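Chain residues, written in single-letter form:
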Amino acid sequence: MHKMSISVTHNSTDQAEPQFSAERMVEVQRIINMFPEGKQKSALMRILHMAEEDFGGWLSVPTMNYVARLLDIQPIEVYEVATFYTMFNIEKPGKVVLEVCRTGPCMLVGSDQIIEHIEQKLDIKVGQTSADGMFTLKTAECLGACGYGPMLQCGKHYHEHLTPAKVDELLDTLRKEHSDK
Amino acid sequence: MGRKLLLEHANVPGIESFEVYRKNGGYRSVEKALKTMSPQNVVEEVQASGLRGRGGAGFPTGMKWSFLAKPEGVPRYLLCNADESEPGTFKDRYLMEKIPHLLIEGMIVSSYALGCNQSYIYIRGEYMWVLEIVEKAIAEAYANGFLGKNILGSGYDLDLAICPGGGAYICGEETALIESLEGKRGNPRIKPPFPAVKGLWGCPTVVNNVESIAAVVPIVNDGGAEYAKIGIGKSTGTKLISACGNLVKPGVYEIELGLSVEEFIYSDEWCGGIANGKKIKACVPGGSSVPILPANLITKTAEGTDRLMTYESLAEGGFATGSMLGSGGFIVFDEDQCIVRNTWNFARFYAHESCGQCSPCREGTGWMEKVLRRLEYGQGHMHDIDLLAEINKKIEGNTICPLGDAAAWPVAAAIRHFREEFEWHVTHPDEAVKRNFGIASNHMPLV
Amino acid sequence: MVKVIIDDIEVEVEPGTTILNAARQIGGDVVPPAMCYYSKLQGSGGKCRTCLVEVAAGSAADPRPMPKLVASCSTPVMDGMVVKNKTSERVYDNRAAVTEFLLINHPLDCPICDQAGECHLQDLGFEHGKEGTRYEEKRRTFDPIDIGDKIKLHMNRCILCYRCVYTANQLTDQRVHGVMHRGDHAEISTYIEKAIDNDFSGNVIDVCPVGALTDKTFRFKSRVWFLKPMEASCECTKCAGKAVVWMFGDEIYRVTGRKDKYGEIEDIDGKTAWICNECRFDKKDKTKWTIEGPRVINRHSVISQNQYLVDERLETKKLTGK
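Order-wise, the sequence lines are chains A, B and C. Residues 1 to 181 (my numbering) are what the first sequence spells out, left to right. Residues 1 to 447 (my numbering) are what the second sequence spells out, left to right. Residues 1 to 322 (my numbering) are what the third sequence spells out, left to right.
Hints may be right or wrong, so weigh each one.
As the list claims (entries may be wrong) - Derived lysine-lysine pairs resembling BS3-like cross-links, with alpha carbons at most 27 angstroms apart:
1. A/LYS166 / A/LYS95
2. B/LYS198 / A/LYS39
3. B/LYS198 / C/LYS68
4. C/LYS84 / C/LYS3
5. B/LYS184 / C/LYS40
6. A/LYS138 / B/LYS136
7. C/LYS68 / C/LYS3
8. B/LYS136 / A/LYS39
9. B/LYS70 / B/LYS191
10. B/LYS32 / B/LYS229
11. B/LYS149 / B/LYS35
12. B/LYS149 / B/LYS70
13. C/LYS86 / B/LYS393
14. C/LYS130 / B/LYS393
15. A/LYS166 / B/LYS136
16. C/LYS130 / B/LYS394
17. A/LYS138 / C/LYS138
18. C/LYS3 / B/LYS393
Hints are computed from structural coordinates only; laboratory data are not their basis. From a predicted model like this one, the values you see are computed outputs, not experimental measurements.
With the hints as extra help, turn the sequences into a complete structure.
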């Protein structure tokens, strides 16, 4: 089942807009240059990925407004895109987002048990963030690792052939990696 | 052992680098095409090869190329569809991860054939690390003069870039892919006009799957006629099959089309049989959207002849007793699997991935998902089964894009072949709940 | 010119005309219903699927039938094409299904909906809907929200025709609302709390085929069929000032654009007579308008029940210009 959708109404427009570093701006320009003149909107998706990476793992309204300005498009065009594609977090998640594939082929090899294991381990349900703000558990539709399931995605990385023991190990590693951040 | 045209060198150490790839015969097709062939020659070779689109629809690639409009002074675009998201399919990822230069080589030759000077690879956003591998390979190809201005002194220019999606199955539909590449929501366009006339930024555009483009490399190297010698009838060449589910050895295999399904599932050279010594219950041979086959129709057709891994043989018997080769996402179910749960799972996938633009798909996929969830959790009625059949008949064919059909077919086929299992869920609600691998309390309770 | 046969009636149209527009040239009940297509909005159509028709012969050159039903609003005619709309059972069957799809998540709150009486979904349901519902699931719900102080958005009623999005794109200089999310959770929204603030933004109300976008200055004031629609004009610097004022006695309850029988704003002097927000929301004083006479309303419409009680004094005024 999907999350019951409610009108997401953010009132956080008063926050200051973030800004890419000079180094990242070079990358932004490189991406815009992939497209003919006047077609800079095509760079939107990739720049949204970058913005998520640089600005706290999610797309706040000020972040989206900033991206709109970078690409000289209307903010609404960014909101429409950011809410359409499931990879973009439009609400602030925990430090680490775990996305477990729940689709058929993974289910056949036990993704349900992995999801349940993580739920118990972190004492949260799918869609929630652990009390310490460390982990957000999500489910994802087919991530293209069907032969290597059950699996989960964390950031850019795929963790495949999962077992409850491997999940425990992974959670420990991730907790250590991110605890000082 | 079948011939390997795409993955022959996939396991050579360092093959992802330009140097090793080149040493193993890489980029020969670019040299051959740009130096000795006209663009039309390349198109003719592809037509002669009988190559059919490897993304799922199986439309002849050469014919698709011949539809491309070529108005004067208007740029044309070749887009590579690497938005692999059909459940059960992970072959393109394997190819790009292992041997990225093969895709780039194919893109250069195909772009040359179509007269494109700017091409894009659209890769699903989840494959960000694959994007980085391919992007690195693109940079190497530029550095070695295979991309950019005046490639190999031929006067042909080509720029190639790779762009990520953001998590949307629908962007595998070619017009949704184009919309997404334009930085918009992935809403499929209303056709006509087709992309061959009006595609990316209103210009003529061809969209091809990763594997189709990679296959152009051996076709140009060895000639279309040589390629066509492999396979049976209109199913020529080799095909990447991504096998998954309850198999001993799931993974990506390159097969010669025409291999028998029995051999593919049970031979140790391929999948090695069903995992944990169990029996096979069903098989979805071409990605989640194609009809499911019950055990008795997997290795044999309804006529009793051997079922082969070809477009035609898998489709034999139509939707009544056959299925489709589709994208080559080969999903195998062992005897313990619950068809209702799986059908619900697929229905949930399509409901989740519907773009929401046209009403039969937006409302119908969500409706089917809810009814199936009730059935799976022991709260269904007998009339729900007919209702499902009725809903999917009204989605099928009435939508803007094929996602509606893709959502309808698996439900229709599951009811056709496993009706008694659906009925059992209605008559045995308590057991039905318990049968969900003992995790009835799982994350999807009824609301 | 190309010849096309729709429901056994032949019509000659310009090449490139869509089946729907060819049918509109014939008129009457040959015309398929259209919930999302709007001829004055570029790019609209193709989404709701209520206008699906059967093509029994593709063209004179290739007379094979088309395997699927096609959206008549976005399929161009070919010379010799044979189309079946009201003569096809398959069309009716599938149109009934589309109607059912559009209604499963609809709140069916017609008794408290301002659009009742002029709602295209109501008309569609009346003609193609089935009695009762087969939908046993929970309906999708949203809270009604204000888009500025003049427009109310009831997302529950929305059928996602995208007309209001095209309107904002094509009539205003900056679009601030759009479609968020996807699938059956897609919704029209401004995302952040934001008023649609533009001289022509009120036209999203006129193009909305259902009661999703309604005029807050008219909200709950009266059922439309108790009002008398009158053609009226005014001096306006922003728009052509040609509107329909909806009156009860001497009072103007609401102002809308002049809609034709397909619910589309009419062209006046070759230009679509969209009205501006000032005319729509602020000119409720009768003295600001010149009443030209009663608006012709389809006599089958519930609104027409008051239509024939024409005020004689108004008639005189129209004739004498006083």
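These are the hints, each one checked on the structure:
| no. | hint | verdict |
| --- | --- | --- |
| 1 | A/LYS166 / A/LYS95 | 20 angstroms, holds |
| 2 | B/LYS198 / A/LYS39 | 16 angstroms, holds |
| 3 | B/LYS198 / C/LYS68 | 23 angstroms, holds |
| 4 | C/LYS84 / C/LYS3 | 15 angstroms, holds |
| 5 | B/LYS184 / C/LYS40 | 23 angstroms, holds |
| 6 | A/LYS138 / B/LYS136 | 31 angstroms, violated |
| 7 | C/LYS68 / C/LYS3 | 22 angstroms, holds |
| 8 | B/LYS136 / A/LYS39 | 24 angstroms, holds |
| 9 | B/LYS70 / B/LYS191 | 19 angstroms, holds |
| 10 | B/LYS32 / B/LYS229 | 21 angstroms, holds |
| 11 | B/LYS149 / B/LYS35 | 15 angstroms, holds |
| 12 | B/LYS149 / B/LYS70 | 22 angstroms, holds |
| 13 | C/LYS86 / B/LYS393 | 21 angstroms, holds |
| 14 | C/LYS130 / B/LYS393 | 17 angstroms, holds |
| 15 | A/LYS166 / B/LYS136 | 31 angstroms, violated |
| 16 | C/LYS130 / B/LYS394 | 15 angstroms, holds |
| 17 | A/LYS138 / C/LYS138 | 23 angstroms, holds |
| 18 | C/LYS3 / B/LYS393 | 33 angstroms, violated |
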